[in-house]
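**Q** In case you want the letters, here they are:
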Amino acid sequence: MIVFGIETSCDETAAAVVADDRRLLANVVLSQLDDHRPYGGVVPEIAARSHLEAVDAVAAEALRRAGVGFADLDGIAVTGGPGLIGGVLVGVMTAKAFALVHGLPFVAVNHLEGHALTARLTDDVAFPYLLLLVSGGHCQLLIAEGVGRFTRLGTTIDDALGEAFDKSAKILGLGFPGGPAVEQAALQGDPQHFALPRPMKGRDDCHFSFSGLKTAVRQAVERLPGGRATPQDAADLCASFQAAAGDVLADRVARAAALFRAAHPEGSTLVVAGGVAANRYLRTRLDAAAAENGLKLVAPPIALCTDNGAMIAWAGLEHLRLGRRDSLDFRPRPRWPLDPDAPPVGYAGAKA
Amino acid sequence: MQEFSLARLVEDEAATAALAAAIARAARRRDVIALEGTLGAGKTVFARAFVRAFLGGEEVPSPTFTLVQAYDTPAFTIYHFDLYRLEDPEEAYELGIEDAFADGVSLIEWPDRLGSLLPAERLDVALSQGAAAEWRRIVLTGRGDWSSRLEELEYAFD
Chain A
1 MIVFGIETSC DETAAAVVAD DRRLLANVVL SQLDDHRPYG GVVPEIAARS HLEAVDAVAA
61 EALRRAGVGF ADLDGIAVTG GPGLIGGVLV GVMTAKAFAL VHGLPFVAVN HLEGHALTAR
121 LTDDVAFPYL LLLVSGGHCQ LLIAEGVGRF TRLGTTIDDA LGEAFDKSAK ILGLGFPGGP
181 AVEQAALQGD PQHFALPRPM KGRDDCHFSF SGLKTAVRQA VERLPGGRAT PQDAADLCAS
241 FQAAAGDVLA DRVARAAALF RAAHPEGSTL VVAGGVAANR YLRTRLDAAA AENGLKLVAP
301 PIALCTDNGA MIAWAGLEHL RLGRRDSLDF RPRPRWPLDP DAPPVGYAGA KA
Chain B
1 MQEFSLARLV EDEAATAALA AAIARAARRR DVIALEGTLG AGKTVFARAF VRAFLGGEEV
61 PSPTFTLVQA YDTPAFTIYH FDLYRLEDPE EAYELGIEDA FADGVSLIEW PDRLGSLLPA
121 ERLDVALSQG AAAEWRRIVL TGRGDWSSRL EELEYAFD
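Residue numbers (our numbering), protein chains in the order written: chain A, 1 to 352; chain B, 1 to 158.
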């Protein structure tokens with residue numbers, strides 16, 4: 001089975017071709033970062049326009065690199081949400097057109113499930129596994145029980161971790177995207193120089209809160225002479241920020257691991273997915289946290305942690321081989337939780 | 001247009017939330033509430049407490065990534081915008097901001113991004129850092145109908 005996948009839900013126009021023997025035949029990502037850098041983030045209208053301009057060329061390039069034509073495909077997968085609605089629409093309309101013209105099955109993929117199932121493409125991880133999903137828009141701990149079956153253990157009550165990276169980078173004048181900038185600056189910094197909070201650490205649940213961490217970075221800058229961070233201050237703050245984030249992730253993962261092992265004694269794997277999983281320091285911390293809790297960490301290659309088409313093609317393939325497909329009247333879903341039955345977090349009463 | 005301002009110093013997040021809840025009780029359909037303040041000033045804390053005044057324990061995540069989150073209450077829909085990443089006011093139309101103004105209650109973070117599209121009749125909530133880490137100065141300015149509502153509310157805040 002060979003499946004074509006399109007991803008346009010955020011700032012990447014991407015397309016890929018994967019086979020059911022876990023071969024990645026092509027993976028094309030047209031980074032739009034040059035378009036977006038002046039804006040300090042992803043602007044939906046601009047994203048939708050850029051996706052529209054690029055998606056045909058990216059799709060054709062993926063097929064060319066894979067050395068396949070539409071006649072060789074067994075299905076078309078596309079991100080159907082959650083995400084910026086303009087971008088998602090572009091991908092969905094393109095995928096529907098391909099499916100209709102070439103008479104191929106169409107499947108709409110949850111972007112988060114794309115991240116969640118990537119480790120099965122790259123490392124053949126078996127269900128069930130514990131999943132930490134960390135990106136610019138999400139921060140969740142889930143148990144992956146099967147294709148389309150997830151139990152949410154915890155989520156952020158305010159900001160996602162990637163968002164905290166972006167905003168801290170903005171406060172420190174490091175530019176966008178914040179993740180790589182903070183990671184780079186932190187290499188020259190002292191992680192103990194600034195005492196930053198560890199929000200939610202020690203709490204008897206698996207939730208996160210990163211809003212207060214960003215606030216603490218701003219307050220630390222305001223207390224510096226002249227209210228400005230020198231390059232060394234910025235490096236120290238970045239290192240201190242990452243150390244705080246690492247402590248929180250390790251603590252939350254330990255809680256989740258206990259719940260996971262109680263529910264699934266045979267489970268042995270912690271998978272980390274999403275753009276923040278590209279951070280090498282946090283990977284190291286998670287590797288240690290997994291080991292301390294009797295789990296093995298699986299982190300996909302960095303190129304498959306950030307948004308890409310391969311994860312969508314693969315998730316689509318997993319659904320298609322279980323006999324699932326979507327009708328062509330599928331409507332994009334700006335909100336699409338992986339676990340619709342998860343109880344809302346409610347007032348966590350978090351003190352930053 | 002009538003204008004009325006008042007300022008309060010709050011000593012923690014709970015006090016910000018209580019003030020937001022008091023304002024939520026006075027809110028009406030088509031209200032526009034502009035939340036001003038830098039990163040970490042407490043805009044989302046205010047918005048979260050406002051939404052929860054209607055919906056209890058509802059999850060109110062940061063709208064930075066999605067730019068807008070909508071919450072249906074029995075009386076109206078609350079639209080929580082974060083326009084931080086908008087470059088051109090016109091882009092707000094893509095987010096359905098006209099519908100929000102016409103029919104819902106709009107909570108707007110980074111309202112300056114709207115330029116002249118920001119309605120003149122509104123409640124401004126300006127949050128800034130106080131002397132201690134947890135303290136916030138909150139300046140409320142009612143313009144138009146909110147002017148008299150705010151005068152009535154002043155007693156509720158003390």
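Hints in this document: simulated from the structure, not taken from any laboratory. Quick caveat: nothing in here was measured; it's all calculated off a predicted structure. Here a beta-carbon is modelled for each residue, glycine too, at the ideal position from N, C-alpha and C. Hints should not be assumed to be uniformly reliable.
[Said to hold, decoys possible] Calculated from the model, a selection of chain A residues having no Cβ within reach of chain B, i.e. all distances over 12 Å:
{"#": "1", "residue": "Arg65"}
{"#": "2", "residue": "Thr155"}
{"#": "3", "residue": "Leu328"}
{"#": "4", "residue": "Pro334"}
[To be verified] If you only want the chain B side, here are some residues facing chain A, beta carbon under 8 Å, derived:
{"#": "5", "residue": "Glu36"}
{"#": "6", "residue": "Thr38"}
{"#": "7", "residue": "Leu39"}
{"#": "8", "residue": "Gly57"}
{"#": "9", "residue": "Glu58"}
{"#": "10", "residue": "Pro61"}
{"#": "11", "residue": "Thr64"}
{"#": "12", "residue": "Phe65"}
{"#": "13", "residue": "Thr77"}
{"#": "14", "residue": "Glu94"}
{"#": "15", "residue": "Ser116"}
{"#": "16", "residue": "Ser128"}
{"#": "17", "residue": "Gln129"}
{"#": "18", "residue": "Ala131"}
{"#": "19", "residue": "Ala133"}
**Q** Among all the numbered hints in the text so far, which are the ones the structure does not match?
**A** Checked against the structure, the hints that fail are numbers 2, 4, 5, 13, 15, 16 and 18, while the rest are satisfied.
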